[in-house]
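There are 2 protein chains.
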Amino acid sequence: MLSKSLIAKFAEIAGKNVWTEQEDLMCYAYDASFGEMCVPEIVVKPETTEQVCSIVKLCCEESIPLVTRGAGTNLSGGTLPVNGGCVLLTTGLNKILEINTEDMYAVVQSGVVTSDLALAVSAKGLLYPPDPGSMKMSTIGGNVAENAGGLRALKYGVTGDYVMGTKFFDMEGNAVISGGKTVKMVTGFNLSGLMVSSEGLLGVMTEHTLKLVPQPQSSRSMLVIYDDLMKASVTVSEIIGARITPATLELMDRFTIKTVEEAAKIGLPTDADGLLLIEVDGHPAAVEDEYAKVKSICEKQGGKVHVAETPEERDRLWEARRKALSSLARLKPTLILEDATVPRSRIPEMMQCIKDITSKYSLTVGTFGHAGDGNLHPTILTDKRNTEEMLRVEKAIDEIFASALKLEGTISGEHGIGSAKAKYLESEVGAGTIRFMKKLKNGLDPKNLLNPHKMGL
Amino acid sequence: MLSKSLIAKFAEIAGKNVWTEQEDLMCYAYDASFGEMCVPEIVVKPETTEQVCSIVKLCCEESIPLVTRGAGTNLSGGTLPVNGGCVLLTTGLNKILEINTEDMYAVVQSGVVTSDLALAVSAKGLLYPPDPGSMKMSTIGGNVAENAGGLRALKYGVTGDYVMGTKFFDMEGNAVISGGKTVKMVTGFNLSGLMVSSEGLLGVMTEHTLKLVPQPQSSRSMLVIYDDLMKASVTVSEIIGARITPATLELMDRFTIKTVEEAAKIGLPTDADGLLLIEVDGHPAAVEDEYAKVKSICEKQGGKVHVAETPEERDRLWEARRKALSSLARLKPTLILEDATVPRSRIPEMMQCIKDITSKYSLTVGTFGHAGDGNLHPTILTDKRNTEEMLRVEKAIDEIFASALKLEGTISGEHGIGSAKAKYLESEVGAGTIRFMKKLKNGLDPKNLLNPHKMGL
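Each protein sequence line maps, in turn, to chains A and B.
Mapping of the first sequence onto UniProt numbering: residues 1 to 457, in sequence order.
Mapping of the second sequence onto UniProt numbering: residues 1 to 457, in sequence order.
The reader is advised that the hints may include incorrect statements.
[Claimed, not checked] Example chain A residues on the side facing chain B (calculated, C-beta under 8 angstroms, incomplete):
hint: 1; residue: ILE99
hint: 2; residue: GLU102
hint: 3; residue: GLY188
hint: 4; residue: PHE189
hint: 5; residue: GLY193
hint: 6; residue: THR334
hint: 7; residue: GLU349
hint: 8; residue: GLN352
hint: 9; residue: GLU408
hint: 10; residue: GLY413
hint: 11; residue: GLU428
hint: 12; residue: GLY430
hint: 13; residue: THR433
hint: 14; residue: GLY443
hint: 15; residue: LYS447
hint: 16; residue: ASN448
Keep in mind that the hints were calculated from the coordinates and are not lab data.
Even for Gly, the Cβ is constructed at its ideal location relative to N, Cα and C.
Using the sequences and the accompanying hints, generate a full structural model.
Here it is in structure tokens:
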């Protein structure tokens, strides 16, 4: 518990945007991950960068752990205040400062909601491509801190690919500026690159300069239905192998299809074993060519191709995909969403591994995800009060991660390490990397106050 | 001077690949920048990563400054051993370890020559896009350490955009692994991002996993001649403003055109005030569309458009551009090549600034460069023994940098800071960023042995 005089200091900085009552604190004791409750001691919502700077300095002087939080949609425990301390909400810093259509960039504060930016950019005839599943709630700052992916990552890349510059405060309250408004810039260390996927451990970000791109002239969305999920996953490898890069290439297994259909009544084929959702975009002639090639590859594998003929039909298809997580979440009290990722050609092998492992441990699993990126989301439905089942869940996750690494993949494609995956990190990167990360963290935050203990640091 | 026993320890590690004679050391006392002679005490060329590790550990134990060097084509003094010590050549680590056409990546050692990789990749039907001007000599390790740009950066991005993973040794000799073979990966800090443009200050890189892309199906190159350079630069902004992204969009001023033509006899129009070299690529229909639009924009500004009709003609055009630097270098003993960069729409203003400043100080200047990126290369020809002129040169450079910053640009688009631009860095990034960089460097290399004093650190 913080002393009254300390709380008063926070109030001096942020006025009424300071919370210390238990019922308020509880709201920030969880994120979207499967994690234990971690109650902070104080929550503060600065509305100016000067306030951010003062809060950081106060936490530093008083050695208070400081956890930066956007919308809390994190899936790896990244925003859980495991050491208590202060939760700094970025949602008060929610201004889009500039959308430059000539030089195609946007400057936004960290608390801007991703879809708000996407809409504002789209209204000006441009595209901000990163579209994480949580984009209607998630903030740009959180997206950068986690290097969020999304449905369009296959062709357009992830959040980090759009970060041209970042402003942040380090743990001493120094204002750090990295990158900027030019498409090329090599002045000093690549600090905006370092802040990407830094998970709140290295500084408190306040502002981001983000690359925008022209909107595609044309696109085509299709739903492809398979009576055998493995044929869907082989299709994915064959499309990539044919040098076609769709904007989106998503997969859903039978269980997910059924669950989404029950929840959302979109008209999905509940008797299918798997489906692909594919969108190609670009120049109209290129789109027609790619569509024809993709269709032929799908049909060769036995897929039945349905093309969205209207914008409404297209929206309905993508709604189906975006509802996957929330639909699955309705079924059981605890949902564990993983994001092990493999090189794209290994998708069929990884699908088989997930199937074998989850059936070996008799678990309820829906698998969907960004198959085109090699990034699947096996989603385990369970109840954390069922300790016997939780043991099986843990074993299955261990084996899924081990399989991904064996296939030259990674334990996390887009959700990050946070507290949820900290214990697995060394198995992927080795002891030398962990030592290097510790030295890096220690050099920049010697008191270990910034989101302590995440990534095992 | 190193002791005999210390030299023997180096020889124990690297056998005959150790040099300590003055005439050998002199070969590594310069790079391609305008810098003072800096003679190392020892040069060593490891041929295995184990040897690299042992050399790093030896330097750490004995507190010997360690400068990693590829081909020495650096333009900012990045590889000058300003504190003497050991120069570690990466050229003995020159194996292309894997080219994976299915998952589209290459794994290469740091000493691989950029164009060797480009050719090997091209032979397999894929493209490694980054093509720095020095690619026939430069190494991949150097390209990553400097985040090298190139002619294709406008559409395809710079070296850093292709780094999926990097292996390196930190100053204690820890093996650090970051990133890997999947297109998405967020396991721990973005260390491969941090190593991009780290200029040898944070570790000794040995291996890189690089993204490859499909080759474009079609392309069109054109030469556009202007009787007024300003109209060429307005054309650049208009092409970008029309949402067209050519693969390449290069500019040359009258002085550079004349100099290249005198040196290379390619048939350039020596009476032109400026020219643009433009290539559009992609799907054949998109190429034809973009070509028609680009042609019309050029002609609206009074440009005369010549399209390369054969592959030979195309090669001749790009040879003209690639010869710009070497042709200018023939004219005077000292060449100072700058790379101040501005947001693309500010190119006409920046062109005017360069013209005004260099004429104010009566300097001989050829300007060419990646206009589409906002990245110009005003190249000052002088003689460093002429101290009076050198004072004017210095003032002109100060003013060029100040102009770039005023236009929301940067002092370095692609050459890095090294020793040449260290004194300008703070004017761009501010004191807080410098402090952060110092803490970062100190945490990872407390003895300041890795390429000491570069970036002012």
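Going through the hints against the structure:
no.	hint	in the structure
1	ILE99	13 angstroms, violated
2	GLU102	4 angstroms, holds
3	GLY188	6 angstroms, holds
4	PHE189	5 angstroms, holds
5	GLY193	3 angstroms, holds
6	THR334	23 angstroms, violated
7	GLU349	13 angstroms, violated
8	GLN352	18 angstroms, violated
9	GLU408	5 angstroms, holds
10	GLY413	4 angstroms, holds
11	GLU428	5 angstroms, holds
12	GLY430	6 angstroms, holds
13	THR433	5 angstroms, holds
14	GLY443	2 angstroms, holds
15	LYS447	13 angstroms, violated
16	ASN448	13 angstroms, violated
Comparing the model with each numbered hint stated earlier shows that hints 1, 6, 7, 8, 15 and 16 do not hold.
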